[in-house]
Amino acid sequence: MHDEEETLAGFDPLLLAVLSNRMQSIVREMSNIVKKSSRSTAITNARDFSCGLLTFDHRLVCVEEAMPVHVTAMDLATRPVTDLFGDVAEGDAFFSNSPYHGGTHHADMTLCVPVYLDGVPMFWTVARSHHADTGAHVPTTMDAYMRTVYEEGMHIPVVRFQSQYRDRDDVIRWCRQNIRESHIWYGDYQAQVGAARTAETRLKELGARYGRDSIRAFVEAWMEYGKRRARAAIAALPAGTFTWTCRHDPVPGVADEGIPITAKVTIQPDAGKIVVDLRDNPDCVDGGINLSEACATGAGRIGVFYNLDPSLPHNDGSASCIEVLLRDGCIVGRPSYPVGTSNATMGINDRLINAVQCAFAQLGSPYGLAEGGTEFGANMGVISGIDDRTGASSSYINMLFLGLSTGPAVHGHDGWLTYEAPNGGGVLALDQVEIDEMTYPILVEERKISTNAMGMGQWNGAPAMQGVYRPLTQPMTVAYCSDGDVNPPAGVIGGGQGTPAINAKRLADGSEIQLPAFHMETLNAGERIVFRTVSGGGYGDPRDRDAARVARDVDRGWIDANVAYEVYGVAVIQPEGGVDCVVDGDATARLRAASTLGVR
Amino acid sequence: MFRVGVDIGGTFTDCVIQTPEGKTIIVKSPSTPGNFAEGFMNVLKVAADRFGLGFADFLGKVSVIVHGTTVSTNALVTRRTARTGLMATRGHPDVLTLREAPRKKAWDWRLDYPDPFVPRNLTMEVGGRIDSLGNEIEPLSEQDVRAAARRFRQAGVEAIAVSLLWAFVNPSHEVRVAAIIEEEWPGVPVSLGHQVNPIPREYRRTIATAIDASLRPVVNAYVDALTGALASAGFGGKLLIANCTGGMMPPDEIIASPIQSVMSGPTMAPVAARYAAPDRDVVVADMGGTTFDVAAIRSGQILVTPEAMIYDHDMLGLPKVDVRSVGAGGGSIAWVDDGGLLHVGPQSAGARPGPACYGLGGDMATVTDANVVLGIIDPDFFLGGAIRLDRALAEQAVDRIAGQLRISRLEAAYAIHATSNHNMIGAIEDITVNEGLNPRDSLIVTGGGATGCHIAGMAQALGLPMFMVPRLSSGLSAFGGLVSDIRWQATASAYSDSSNFAFDRVNQALLDLTKRCTAFLDRSEISQETRTMEVAFMGRYQFQSWEIEVPFRLPESGAISTANLSSLTKAFHDVHRRVYGIANENDRVEFVSWKMTAVGRTDRQPAAAPPLAGSAMVEPAAKGSRSVCFEAGAKARSIPVYNGGSLPVGAGIHGPAVIEEETTTLLLLPGMTARVDIEGNYWVECA
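Those sequence lines, one after another, are chains Z and V.
Following my numbering, the numbering of the first sequence begins with 1 at its first residue and continues without gaps.
Following my numbering, the numbering of the second sequence begins with 601 at its first residue and continues without gaps.
It is worth saying that the hints were derived from the structure and are not from the lab.
For clarity, every value in this text was computed on a predicted model and none was experimentally measured.
Be aware that one or more of the hints could be misleading.
Derived CB-CB ranges, DEER-like [stated by the list, open to error]:
hint	chain 1	residue 1	chain 2	residue 2	range
1	Z	Thr-243	V	Arg-1178	52 to 60 Å
2	V	Pro-946	Z	Ser-320	28 to 36 Å
3	Z	Asp-57	V	Pro-630	38 to 46 Å
4	V	Gln-1205	Z	Glu-90	35 to 43 Å
5	V	Asp-879	Z	Ala-235	55 to 63 Å
6	Z	Pro-121	V	Gly-900	50 to 58 Å
7	V	Asp-824	Z	Asp-580	30 to 38 Å
8	Z	Gln-362	V	His-913	26 to 34 Å
9	Z	Arg-209	V	Asp-657	53 to 61 Å
10	V	Arg-1204	Z	Asp-580	46 to 54 Å
11	V	Pro-630	Z	Ser-320	50 to 58 Å
12	Z	Gln-362	V	Asp-938	21 to 29 Å
13	Z	Pro-121	V	Lys-705	26 to 34 Å
14	V	Gly-1158	Z	Gly-578	53 to 61 Å
When the alpha-carbon atoms are kept at most 25 Å apart in a straight line, the in silico SDA-like pairs for lysine to any residue are as follows [as the list claims (entries may be wrong)]:
hint	chain 1	residue 1	chain 2	residue 2
15	Z	Lys-273	V	Asp-938
16	Z	Lys-264	V	Arg-710
17	V	Lys-705	Z	His-413
18	V	Lys-705	Z	Leu-76
19	Z	Lys-204	V	Ile-1182
20	V	Lys-705	V	Tyr-911
21	V	Lys-705	Z	Ser-182
22	V	Lys-1170	Z	His-413
23	V	Lys-1170	Z	Ser-182
24	V	Lys-1170	Z	Gln-190
25	V	Lys-1195	V	Phe-1101
26	Z	Lys-204	V	Gln-1060
27	Z	Lys-273	V	Arg-710
28	V	Lys-1235	Z	Ala-232
29	V	Lys-1195	V	Lys-1235
30	V	Lys-623	V	Phe-651
31	V	Lys-705	Z	Gly-412
32	Z	Lys-505	V	Ala-1208
33	V	Lys-705	Z	Ala-429
34	V	Lys-1235	Z	Ala-217
35	V	Lys-1235	Z	Asp-12
36	V	Lys-705	Z	Asn-32
37	V	Lys-1170	Z	Asn-32
38	V	Lys-623	V	Phe-1101
39	V	Lys-705	Z	Asn-21
40	V	Lys-1170	Z	Asn-21
Ideal Cβ placement from N, Cα and C applies to all residues, glycine included.
Could you build the full structure based on these sequences and the hints that come with them?
Take a look at the structure:
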């Protein structure tokens, strides 16, 4: 207690409030620039990018409003710059996509700019975007069958792309030679430069106004603040060690039986610390689904943060209260070069976050989350082909975000509908059908919410989305790596499991064939992709769900009256001519009384 | 003749009257939620009394009333809009639920997914499909439309929104749907997507269409009641209603497009500011009781956003004057979290119980309490003495925060004051930096009663050279009505790009826009001399997804030719560079849609010129002095207090000082000099 008083008296509350506010404004400004001026639809429409500020000694300062998978271990991305370069200077910008140098996976290209205040290096501004292509032998950036880095396309292992605030033409030329549709790549890169440089300017303005010493004092106070908030949140949890295992779907030829992923979480409320032990997991596999160190570290932190007060700052101070134990050569640890990690941001990563977040549910209600929907089915396919709509023909390649997997239930709330996956924090945007149809030669015949496809519980996982799309006249290739066709997300504390993904092809004659989960399919005109996303698990027994909520679910078509009756024990009546159904109180009471007698 | 601006706010209805001699005065009367027309008539009666005229006599002398209404905003906020049914393209019934994926905080799962504006069981799918080029892929299912209309009627729907994919490119299906509805259910109000909001992105078009439909009955009834009440009270002049893009429209046009009236009151504040400071970059900062609203003007153009939010998770869909609102007002509550970080707002003590110093039972420290403790606000002269504040209660509340932070009372009060300043600065930066404006090169013009206590501190933190506090600051929106123009906008989608410009298609679209704008000006009886048209396109680089608005001058011929195409692309590069800091001059520019605004200029005298810096100043006597703390370090200093009402033209006051006006208090910091112009406005130079 004495310690805490000293800390509280040790900083200026005004400076802390003001400067933390300013740091968040700067990251918002960075994000706006990347979003609005990039070219890839994954970035501009779906928000698959993140920006952050770190101290020059690699501590997270501010990474709010970003995708958790991108930023939670961003400290690993700047560290190699100072390890590898003895001559970092003002005006430099370093570009990297190497998962062996703190990157998440090679499609996430990261720009790091050092910020000097009066000649002293103080910060890194970092912009990380998911690029559409990396020049691999096949037109996709994520593939379960890319077994090594040699199959993934370009690796940029922390290279100086700018010095004295100017692009180095040689490295730009090198990238443009190797990457498909490289004008798009360059537009996206420039947006990252714009964001990182703008943040540099803003930090320098801040330094000029408050002085370097005040800024330095702020950083320390801000880290202490993060640590205090995290410790307070952890102190409120019960002590104990809890384990949860999820299973990644089989990947034929890579992991035929699927892969169990286990998180062992030890909560130490007195020490204000949580240990996530990931060492008891399989070794790396011969495929593209191994995690990078950044992803494994990040997943451990993310699963814990999802269980703590969301308003605490996700900075180095709070992250330091979470210890993630990794093992060399482990599929969720430090990968052994040169194994493939192209799929590291999803798949195994999502299963790992689920395992960590669900371990907390072992504490019983109201703790923990159910498992969230896993991803990357054909709803998010990387499409490529020829666009001949304007007469001239040009090629295209980009990722769709037509549907998103859906969120897990927690105590007190149903799952979030536009969730995407555990790694994303629900910040991705959903494509507008009209923008996709304007940009690519496709027609989206259907995109909507499914009926009876969710993890049912006292609180429901969110329902799945489904859709149908097709190329207009020319053949189109669709690549995806769908984890969730076999093992749907589990529910917790009596909640039902979510529903699996559907990836199918509808032929011209209307018949449908199921497609493999990890796959690249070519469609001809008249053929269609049919998808359904994975839905998150439920929390608590569905028979305990508020009957009025069940009636509302029927009204909005998320379940039908039969499921209301059979699963939730709620009888609803559709009034003559009306559109809102009402709960039949007596029948519901009878149904639910029966269920407690063990009938169900 | 008198000219009158009326703005209905949450608490007060403001009325600014311009006399036949050209003087402006402001009167206020309480707003009357539930029947806003009553408060509207009341404030006109107060105005008549002010001039010693009978009500009918006064109204007979009024040539025009410009009205910023809150009736549509209020209906949306209180969810008292018409029960609305939506017809959507088959296969796409969840546009309003899925949205573009609503924004959430990445780490928060303990929240409910927001309900759609139109419930799913009042959404009906209809067969038929148009593609992105306007080709019909599948004919409209008239049977579906009839079934939907019948179901809506049976379900007690009061208005119908129709929003089909690609209708803004080829509206034939929507037009046919409207005709069928009229056959099935004559007279039911209908809004069509391609008319309400002809832009790509089905969510934005559909939400705007649904909002428009849901407002039809309420706006229609309100405008009818208002015109009826005015006519029977003896008003024979012209009534104009403010729209959300910073202009005003005749009542019939608002009835035809009610969404245009949403959040239209606050859009008049930047109109007033643009009048006061024409042709330059301006930030309009308005701090009220619960929120701080900020708008911006770039080179005389009021910034418009396509992403205005109407609820936490729903957009308006339609472009609207960009007014950003943050929970930072006089009533914002200060609190300390479990890590020891001070926060101010967004929770507000509101008007009741209000700040602790109101003595109405509130015990939480608010920004107003901090300002009382600091000595900036005189508890005996709040709103000119209309409300008496209790200093002891303010001190008690602030002491609680001081205890949690383990600092002194004055330090805590200053921390609250300064944190609030920085929340507002964040809002100013959001709108300026994201739109490529430099606040340092901009003039800040204040509105609202509470801004005067904070503007000096904000100006200093932002490094601004100058700001302006208008005499009519507390009624800025109502005043804006008096100096606004009639504006009516039409949009056409005629896609083209710079490498293969479709001259015929674009020029046909521009011709069509000119015809529609001319028709509007004709039916609104706008004289030829006061007519102008403004033209802009929404453009982007190839493969970008987000368009930016680029104003350009239409050639005399009314058509774009090879000769002037390059000026269009250059204008695009310039705006792109300004907004995002980069431009790619070699890249292909895509022209997505074209906008034309019909303008009927209001005849107005030019605003007072700012006093020349360095000109001779009269230095008036202070009415007294008091102890004020205005800087970190817990020191209060005795500084002079001036009575604003008695300051002569040309008066100059050096900070530190406090100037007390009837409806606002202006704090000047050391090094600042305020000069009074001919209208009684303050122009403050910062050192």
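Against the structure, the hints come out as follows:
1. Thr-243/Z / Arg-1178/V: 52 to 60 Å: holds, 56 Å
2. Pro-946/V / Ser-320/Z: 28 to 36 Å: holds, 29 Å
3. Asp-57/Z / Pro-630/V: 38 to 46 Å: violated, 59 Å
4. Gln-1205/V / Glu-90/Z: 35 to 43 Å: violated, 53 Å
5. Asp-879/V / Ala-235/Z: 55 to 63 Å: holds, 59 Å
6. Pro-121/Z / Gly-900/V: 50 to 58 Å: Check failed, 42 Å falls outside 50 to 58 Å.
7. Asp-824/V / Asp-580/Z: 30 to 38 Å: holds, 31 Å
8. Gln-362/Z / His-913/V: 26 to 34 Å: Since the Cβ atoms of Gln-362/Z and His-913/V sit about 33 Å apart, the hinted range of 26 to 34 Å holds.
9. Arg-209/Z / Asp-657/V: 53 to 61 Å: holds, 58 Å
10. Arg-1204/V / Asp-580/Z: 46 to 54 Å: With a Cβ separation near 53 Å, Arg-1204/V and Asp-580/Z satisfy 46 to 54 Å, so the hint holds.
11. Pro-630/V / Ser-320/Z: 50 to 58 Å: holds, 55 Å
12. Gln-362/Z / Asp-938/V: 21 to 29 Å: holds, 26 Å
13. Pro-121/Z / Lys-705/V: 26 to 34 Å: Cβ of Pro-121/Z to Cβ of Lys-705/V: about 31 Å, so the range 26 to 34 Å holds.
14. Gly-1158/V / Gly-578/Z: 53 to 61 Å: For Gly-1158/V and Gly-578/Z the Cβ distance comes to about 55 Å; the hint holds.
15. Lys-273/Z / Asp-938/V: Since the Cα atoms of Lys-273/Z and Asp-938/V sit roughly 17 Å apart, the hinted pair holds (cutoff 25 Å).
16. Lys-264/Z / Arg-710/V: holds, 24 Å
17. Lys-705/V / His-413/Z: Holds. Lys-705/V to His-413/Z sits at ~15 Å (cutoff 25 Å).
18. Lys-705/V / Leu-76/Z: Within the cut-off at roughly 23 Å; holds.
19. Lys-204/Z / Ile-1182/V: holds, 20 Å
20. Lys-705/V / Tyr-911/V: Within the cut-off at roughly 16 Å; holds.
21. Lys-705/V / Ser-182/Z: Violated - the C-alpha atoms of Ser-182/Z and Lys-705/V are around 33 Å apart, more than 25 Å.
22. Lys-1170/V / His-413/Z: violated, 51 Å
23. Lys-1170/V / Ser-182/Z: The hint holds at about 24 Å.
24. Lys-1170/V / Gln-190/Z: holds, 20 Å
25. Lys-1195/V / Phe-1101/V: Holds, at about 17 Å.
26. Lys-204/Z / Gln-1060/V: Within the cut-off at roughly 17 Å; holds.
27. Lys-273/Z / Arg-710/V: Holds. Lys-273/Z to Arg-710/V sits at ~22 Å (cutoff 25 Å).
28. Lys-1235/V / Ala-232/Z: Roughly 34 Å separates the two Cα atoms, so the pair is violated.
29. Lys-1195/V / Lys-1235/V: violated, 56 Å
30. Lys-623/V / Phe-651/V: OK: Lys-623/V and Phe-651/V at ~12 Å, within 25 Å.
31. Lys-705/V / Gly-412/Z: holds, 18 Å
32. Lys-505/Z / Ala-1208/V: Since the Cα atoms of Lys-505/Z and Ala-1208/V sit roughly 70 Å apart, the hinted pair is violated (cutoff 25 Å).
33. Lys-705/V / Ala-429/Z: holds, 13 Å
34. Lys-1235/V / Ala-217/Z: Holds, because 23 Å separates the two Cα atoms, which is no more than 25 Å.
35. Lys-1235/V / Asp-12/Z: Measuring from Cα to Cα gives roughly 16 Å; hence the hint holds.
36. Lys-705/V / Asn-32/Z: This hinted pair holds, its Cα atoms lying about 16 Å apart.
37. Lys-1170/V / Asn-32/Z: At roughly 23 Å apart (the allowed maximum being 25 Å), Asn-32/Z and Lys-1170/V satisfy the hint.
38. Lys-623/V / Phe-1101/V: Violated, because 52 Å separates the two Cα atoms, which is more than 25 Å.
39. Lys-705/V / Asn-21/Z: OK: Lys-705/V and Asn-21/Z at ~16 Å, within 25 Å.
40. Lys-1170/V / Asn-21/Z: Violated - the C-alpha atoms of Asn-21/Z and Lys-1170/V are around 37 Å apart, more than 25 Å.
Going down the numbered hints, you'll see the structure goes against 3, 4, 6, 21, 22, 28, 29, 32, 38 and 40, while the others check out.
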